[in-house]
Amino acid sequence: MALIHGIPITAQEIENIVSREFSDKDFASLCNAITWAASRHRYTTLPSFTERVNVKDGGIDAEWDIEMPIEYTYQSPLLGPGWNVFQYKRRDIFARGREEAFKGLQNGLQEEIKNLVKRTGRRPNRYVLFVNLDLTHETKAQNAATPQIRELKEALLKGYDDTENLHIEIVDAGLLSALLNDLPHLRSAHFATSKFFAWQKF
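Going by this note's numbering, the first residue of the sequence shown is number 1, and it counts up by one from there.
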């Protein structure tokens, strides 16, 4: 299901299209492009990106060592000073359903940060997990669904002894849709057909 140029993409569309039509390599390419765009090309170092998904990555799909002068004011939730680690997880919601896909993801991320430090001998300053699932968020509403974002963060941090010095972000389908709608060239490159829709028609 490809989209038309100029039409916003929704979280449900990302969840469905990435599940059905993307390979792990395609999803890695998308996440790399978003991460690079988020930098606004303002850093003096280059990231380590790869789309080689069938090799052992030690829990790292991409990484970026960033040095920021104290007077530097640009801020991004995806990037910060120090060692930035990015992990990409594509899950198929049609094979076993969304809940089973989430449970499998949650189980696979148990003690991930602790194990990452053990494997690399380094402590990340920022860890960003990209997933194609549309996750539930923290809310103050009564009888709200269990916040899956929080559950994944707890799984990642389990057993880790330096949580105060680690910034974690989880980019789910909802946030991916917002980022892509703000980056229409990436939305079109990864999701659109050759058909166009002019903004004047809205």
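Keep in mind that the hints were calculated from the coordinates and are not lab data.
Because the structure is a prediction, the values reported are computed rather than measured.
Incorrect hints may have been included.
Computed beta-carbon distance windows for the label pairs [to be verified]:
id, residue 1, residue 2, range
1, ILE4, THR163, 26 to 36 Å
2, ILE4, ASN115, 34 to 44 Å
3, PRO184, TYR160, 36 to 46 Å
4, LYS118, HIS185, 38 to 48 Å
5, TYR160, GLU21, 12 to 22 Å
6, GLN12, HIS185, 32 to 42 Å
7, ALA178, ALA95, 24 to 34 Å
Quick reminder that beta carbons are idealized off the backbone N, C-alpha and C, glycines included.
Structure-based check of each hint:
no. : hint                          : result
1   : ILE4 <-> THR163: 26 to 36 Å   : violated (44 Å)
2   : ILE4 <-> ASN115: 34 to 44 Å   : holds (43 Å)
3   : PRO184 <-> TYR160: 36 to 46 Å : holds (38 Å)
4   : LYS118 <-> HIS185: 38 to 48 Å : holds (39 Å)
5   : TYR160 <-> GLU21: 12 to 22 Å  : violated (35 Å)
6   : GLN12 <-> HIS185: 32 to 42 Å  : violated (22 Å)
7   : ALA178 <-> ALA95: 24 to 34 Å  : holds (26 Å)
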